[in-house]
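Please put together the full structure from these sequences, using the hints given.
Residue-level listing of the chains:
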Amino acid sequence: MRLSQKDLLALSDLQKEEIALILSTAATFKEVLDRDIKKVPTLRGKTIVNLFFEPSTRTRTSFELAAKRLSADCINITAATSSTTKGESLLDTARNIEAMQADIIILRHPSSGTPALLARSLKSAIINAGDGTHEHPSQGLLDLFTIQEKKGTLAGLKVVIVGDILHSRVARSDIYGLKKMGAEVTIVGPPTMIPPYTDQWKVATSYNLDQAVVGADVIILLRLQRERQGKGFFPTLREYARLYGLNASRLKKANNDALIMHPGPINRGVEISSDVADGLSSVILDQVKNGVAVRMAILYLLSGHANE
Amino acid sequence: MSFLITPHKKAILTAPEIARIVVRISHEILEKNKGSKNIALVGIRTGGVFLANRIHEKIQEIDAVSVPLGELDITFYRDDIGLNNKVPVIQKTSIPSDLTGLAVVLVDDVLFTGRTVRAAMDGLIDFCRPKQIQLAVLIDRGHRELPIRADFVGKNLPTARNEQVEVLWKETDFEDQVFVIHDGEEAR
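Top to bottom, those sequences are chains C and Z.
Residue numbers for the first sequence follow our numbering, beginning at 779 and rising by one.
Residue numbers for the second sequence follow our numbering, beginning at 680 and rising by one.
Keep in mind that the hints were calculated from the coordinates and are not lab data.
Errors might be hidden in some of the hints.
List of simulated lysine to any residue pairs, SDA-like, C-alpha gap at most 20 Å [claimed, not checked]: (1) C:Lys846 <-> Z:Asp805; (2) C:Lys808 <-> Z:Gly821; (3) C:Lys817 <-> Z:Lys688; (4) C:Lys958 <-> C:Tyr985; (5) Z:Lys771 <-> C:Pro819; (6) C:Lys817 <-> Z:Gly821; (7) C:Lys816 <-> Z:Arg757; (8) Z:Lys771 <-> C:Met779; (9) C:Lys1031 <-> C:Asp1053; (10) C:Lys901 <-> C:Asp791; (11) C:Lys816 <-> Z:Ser776; (12) C:Lys958 <-> C:Gln783; (13) Z:Lys688 <-> Z:Gly821; (14) C:Lys1067 <-> C:Arg838; (15) C:Lys936 <-> C:Gly865.
Rendered as structure tokens:
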């Protein structure tokens, strides 16, 4: 069994079996991270380039660490230090990187669809590390992995996704992944932040967090993406926190063993209160640890396509 | 010009023969290491794990000692990842906490090019620093590509390169058995 495409652009493109393959491969790589020597020679000689046009600590570090744990050579290029500041187009930059024989290019970009553009134009494998408001597949996969690890399964779980669904690429990847693996999904947020086209996702929609968390197995909180929002989505941060922030009293309404997840970086006191973020139900740091294992699995599985 | 013949299977070892080999190899391991005190067994996924389990049981019968037993998936250490678009499915590795200072017997079902054993030695050394690594195999079919030799051999089986050696274990295939399969195309 192998992945059918040379790139990882979106969870909406993947079959259920492909997602399951990535998750089971990630479990074996997680074992490597618990060893004394946290490095295996699997991808030695491969070149992996992180091409980031937006700020990131977790995703970029996580991919870099994953590449290094697999003994690949990893290079980081950020927008500020690249020749795009001299007016070079994205495609030209990417073609030059490919000419230096990069096997895998990991792209983060503020415009939706840019990874797909590179994937069509280049032979290198392209991994989408977040494109605009489209998808963030590696985050979606590590969320699935964390839930499966803690709960044993994904099928039949009640998952609530709270916050700025409209601008969140994490929410989109989570929704596609969770639905394919058989979970029930409810999205919650202010009406201005729920997109108008939710029918195609086959999810439940709610504007009331107190009602939506009742009986939830997993609560995924999203960061308020103030850099992507215009004005007027909600009156004040205080009101948003009061209506859509997760705190200890709201958490009591969910199942006792409910998991609290957040893709980071967290805004304490806005979408999540500090006692919940640091509490026993929170698996936010497990997500970060699992992120490395899941990204190792993605790099490993895509490397089979690198020579085509 | 080549002549096509139908693929056929030839039985090489039956279950009782394999059982006798396990008894002999277990005794040989104990003899060479002067008892069961300083040894550990590590089976190479997947066939080697079944053979290692059998030897482990037998040593327990003979010496009343349960020696450390591990399982090793060598995929991380293969030298052909990405060649021919190969990405094998990875399985679990579990190595007992510390094998440093022990003689570790790697166990595999078939010894062929030696590349699996090379990968297994690299993998093992990432976990610990064994005093010695030994190798036990059920079948040695020749055609080595690396300077590797087994310490304990169940059966030496001269084969042609285009033949396949198939080892079945009762855990997955009803009965312990070994076959040689001709792939249908006769050697030129």
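Okay, the hints, checked on the actual structure:
| no. | hint | in the structure |
| --- | --- | --- |
| 1 | C:Lys846 <-> Z:Asp805 | holds, 16 Å |
| 2 | C:Lys808 <-> Z:Gly821 | violated, 36 Å |
| 3 | C:Lys817 <-> Z:Lys688 | violated, 42 Å |
| 4 | C:Lys958 <-> C:Tyr985 | violated, 24 Å |
| 5 | Z:Lys771 <-> C:Pro819 | holds, 17 Å |
| 6 | C:Lys817 <-> Z:Gly821 | violated, 32 Å |
| 7 | C:Lys816 <-> Z:Arg757 | holds, 17 Å |
| 8 | Z:Lys771 <-> C:Met779 | holds, 17 Å |
| 9 | C:Lys1031 <-> C:Asp1053 | holds, 16 Å |
| 10 | C:Lys901 <-> C:Asp791 | holds, 19 Å |
| 11 | C:Lys816 <-> Z:Ser776 | holds, 15 Å |
| 12 | C:Lys958 <-> C:Gln783 | holds, 18 Å |
| 13 | Z:Lys688 <-> Z:Gly821 | holds, 19 Å |
| 14 | C:Lys1067 <-> C:Arg838 | holds, 14 Å |
| 15 | C:Lys936 <-> C:Gly865 | violated, 48 Å |
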